[in-house]
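2 protein chains.
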Amino acid sequence: MSANFSASRRRFAGSFLDSFLLIDMNTNGASENLPGGKASGAATPVSGTVADVRARIGTLRRRQHGARVSLVPTMGFFHEGHLNLMRAARNESDFVVVSIFVNPIQFAPTEDLAAYPRDLGRDLAMGSAVGVNLFFVPPDEEIYPQGFDTKIEVGRVAEGLCAETRPGHFQGVATVVAKLFNIVRPDKAYFGQKDAQQAAVIKQMTEDLNFGIEIRVCPTVREADGLAMSSRNTYLNSEERSQAGVLYQSLSEARTAVAAGETSASRLRRMIKKAIAANYMVDLEYVRIVDPGTMEPVAAVDRPALAAVAAKVGRARLIDNEMLIPPGGTDAQDRS
Amino acid sequence: MSANFSASRRRFAGSFLDSFLLIDMNTNGASENLPGGKASGAATPVSGTVADVRARIGTLRRRQHGARVSLVPTMGFFHEGHLNLMRAARNESDFVVVSIFVNPIQFAPTEDLAAYPRDLGRDLAMGSAVGVNLFFVPPDEEIYPQGFDTKIEVGRVAEGLCAETRPGHFQGVATVVAKLFNIVRPDKAYFGQKDAQQAAVIKQMTEDLNFGIEIRVCPTVREADGLAMSSRNTYLNSEERSQAGVLYQSLSEARTAVAAGETSASRLRRMIKKAIAANYMVDLEYVRIVDPGTMEPVAAVDRPALAAVAAKVGRARLIDNEMLIPPGGTDAQDRS
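In the order they appear, the protein sequences are chains A and B.
Quick note, the first sequence lines up with residues 588 to 923 if you use the numbering used here.
Quick note, the second sequence lines up with residues 588 to 923 if you use the numbering used here.
These are calculated hints, taken from the structure and not from any lab test.
Remember, predicted model here, so these are calculated numbers, not experimental data.
Careful, some of the hints might be misleading.
The list treats identical chains as one, so a pair stands whether inside a single copy or across any two.
Dumping the calculated DSSO-like pairs for lysine-lysine here, alpha-carbon to alpha-carbon at most 27 Å [said to hold, decoys possible]: (1) Lys861 to Lys899; (2) Lys775 to Lys860; (3) Lys899 to Lys860.
Given these sequences and hints, build the entire structure.
This is how it looks when you write it as structure tokens:
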């Protein structure tokens, strides 16, 4: 992973520098006048360094004691799912920090780090428009300086599902999120339900390491045909895009079946597999029916369970999930 | 490690409960009237829960904005080395928190967790007398509740030396210290130079995970014959105690040799080994000459290096280290 990471660092020096002028690299510099994409008024400041983020949040907390700070960690290339997290953060806090960082250590060497879509100017404009107070857009070297050598491993909840084909992925996620938590020290942090296992990993880490941060998980935002919004949807050509809708449709069928009394996890998995198999461009990686807290497989859906799928569609690896609620059940406690 | 941990948790429920009455287990309860060992006046409060520590430090920070908080993490059974850390913290901050927690996950199943010396009443009295503001004395379940499943691994600096015979030890140390850092959120944290590799691991983790905490490493405090103070010295009978002094004496010989121009790490190691071998009760585990920052072996002492030893003496595993400074050199930058 280390070698891959160094390679990726070099690979992206250029693309990062393309947007360098937008970013304040000075510890204490004010970047209020940077373009943030708003039609008028002061633009949202953009920090490129840990020290600058800390200085700004320190100033905020001195000026406004008890200010509630929220963090929305992202890899950029915003869609409605991201904006929804930012709006929730906006509604529930005084100061919203959005980090934009394509975290190299959560990508395996075979994965799409190089291709991951980026458009910083568009992201800053979209985030500013929903009321973000500070963007943190660090270069790779700011997060992983020479000599960086620590990793956080979350146990069982980080096994199975996506971990089976993405070894080291959740370790990379947990490590970067711990860093962002320590840099921003938010009161709340926002994640999307689409990445259900990621959210479970973050919750486990946050509790185990006593971060004292409230983890908010917001509902998946979907396209008209139900496809979960994802920055990776941009990889899809029109035929792939059309077939990708089956992921959510198959989960919806399972949800309907459970609401009608089906409890067998194996029958539900077969149902989902069959629906997906009818779409030849959708190459299923897994279908699992799991406990939404522990991510461990369940045999019977006699209480709320999570149906989770992953598939390759063209170049894109897509994931989705949906709560399965038995008749009379509720998933309220699992979606907060 | 998990099974061992559960066993140790059960094993210590009793001994912890013996001192339970001293400890405030209520989230918001005031424990100002608990005995803290002072001859007069209000005793130092003792918290047994994360929530109580947070509430107290939150109150402090609200009342005294900009208050500088220090943390001294310990496993208790205080000696002058611990008190020295507390005095340094006292001199450099407004509020000194001392944690007393014999961390089960840093002990291997074969090690001395069960035997580790404890005397909470004495510790509270000694700490109070040097001006500690808050003791954090959690039961095992408060730090490792049911379902705990996260670990922090620091890389190369946590390899070699003590890691060779204590697999998982530094992972356990890093994990508990990260938790204490998040619970207390100190500005500075204090560690002893005797545990040089531990201090290097904590520094690496603190930097890598952006804790924003200053790590202070204080000089080793020694007995009259040079033996480094350690809670484990209590395991020694009088003959073992007498022979244990050779650890420091051998390091001093090496230091003198380096000051006189010796640069060969292999000759220095042989010199230390020979001195120790003359004491039949001292069973040497390792002698290493290492870079004091990375803990990696050096071949030549042409700049300041650390000579580190570990040995079994009777039931006790003892460690010690000493900076080797070539003529004209300085170790100032390595001892801060």
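Outcome of the hint check:
1. Taking identical chains as interchangeable, the C-alpha atoms of Lys861 and Lys899 lie at most 27 Å apart only when both belong to the same chain, with a minimum of 16 Å there against 64 Å between chains.
2. In this homomeric assembly, Lys775 and Lys860 never come within 27 Å of each other (Cα to Cα): the closest approach is 37 Å inside a single copy and 55 Å across copies.
3. Taking CA atoms no more than 27 Å apart as the test, Lys899 paired with Lys860 passes inside one copy only; the shortest distance there is 14 Å, against 60 Å between copies.
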